[in-house]
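Asks: Given the coordinates of chain A, assemble chain B onto it according to the supplied hints.
Number of protein chains: 2
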Amino acid sequence: MNTINIQQKLKSFSAHWHPHQIAVVNDMQVIVAKLKGEFVWHQHDEEDELFQVLRGTLYMQFEDRTEKLEAGEIIVVPRGVKHCPITKDDEEVHVLLFEKTGIKHTGNTESTLTVKDYPKI
Amino acid sequence: MNTINIQQKLKSFSAHWHPHQIAVVNDMQVIVAKLKGEFVWHQHDEEDELFQVLRGTLYMQFEDRTEKLEAGEIIVVPRGVKHCPITKDDEEVHVLLFEKTGIKHTGNTESTLTVKDYPKI
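Protein sequences, first through last, are from chains A and B.
For the first sequence, my numbering gives the first residue as 1, with consecutive numbering after it.
For the second sequence, my numbering gives the first residue as 1, with consecutive numbering after it.
Accuracy of the hints is not assured; some may be wrong.
It does not matter which identical chain is used: a pair holds within one copy or between any two.
Here are the simulated DSSO-like cross-link-like pairs (lysine-lysine), alpha carbons at most 30 Å apart as the crow flies [stated by the list, open to error]:
| hint | residue 1 | residue 2 |
| --- | --- | --- |
| 1 | Lys-100 | Lys-116 |
| 2 | Lys-68 | Lys-116 |
| 3 | Lys-9 | Lys-88 |
| 4 | Lys-9 | Lys-116 |
| 5 | Lys-9 | Lys-82 |
Don't read these hints as lab results, they were simulated from the structure.
Just chain A, same shape as in the assembly:
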């Protein structure tokens, strides 16, 4: 029940594609992450996932098109929809995510980027 400063949380780590949990609300969690380059194509069969861009430009690739998100924009990736976030020109993009607790961020895809436990910060 304390105030959480998103920028302070982001300053506490530097790894890319490594989600950090900053809050839990009902059965969902709030996560921050730093993204750079391309992630892995994956889907979450049972969970929707929300991305909010805090800094930079995120490109959310779907199978049939790509959505461009600037800071202050959000997108909901519905369950079952294959997606792959990517940043361009070596830009580090900061995002806040809302998703179910216990979700695997690489969904149905095992990757060298897969992180089993999200640090709580």
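Replies: Relative to chain A, chain B alone:
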């Protein structure tokens, strides 16, 4: 699955204490609202509620203390905890909320401020 611009959504209405739904993620909804002055004391018996301040300074009053939130800060109000948001000096504060679909924003309190249906924008 389209990009949602939070500022554009906020520009589309002016009423205070009137939540507008901009997205649904699993069984939770993303809401934006403009706050000015004091709300009503209430609690949500079964639901946690997240506030993210987008503009201005929000004061979240609890029975034993008040938390001050600036833009870029979030707070989770746990289920069962009495609270009352307030803004100072006539400031209009913009917030994004993350809460269960179907929740009553005034919780257990009926008020002239109670809105039954959140417009979807």
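Asks: For every hint, state whether the structure bears it out.
Replies: Each hint tested on the structure:
{"no.": "1", "hint": "Lys-100 - Lys-116", "verdict": "both (14 Å within a copy, 27 Å between copies)"}
{"no.": "2", "hint": "Lys-68 - Lys-116", "verdict": "within (28 Å within a copy, 34 Å between copies)"}
{"no.": "3", "hint": "Lys-9 - Lys-88", "verdict": "both (24 Å within a copy, 27 Å between copies)"}
{"no.": "4", "hint": "Lys-9 - Lys-116", "verdict": "within (20 Å within a copy, 36 Å between copies)"}
{"no.": "5", "hint": "Lys-9 - Lys-82", "verdict": "both (29 Å within a copy, 27 Å between copies)"}
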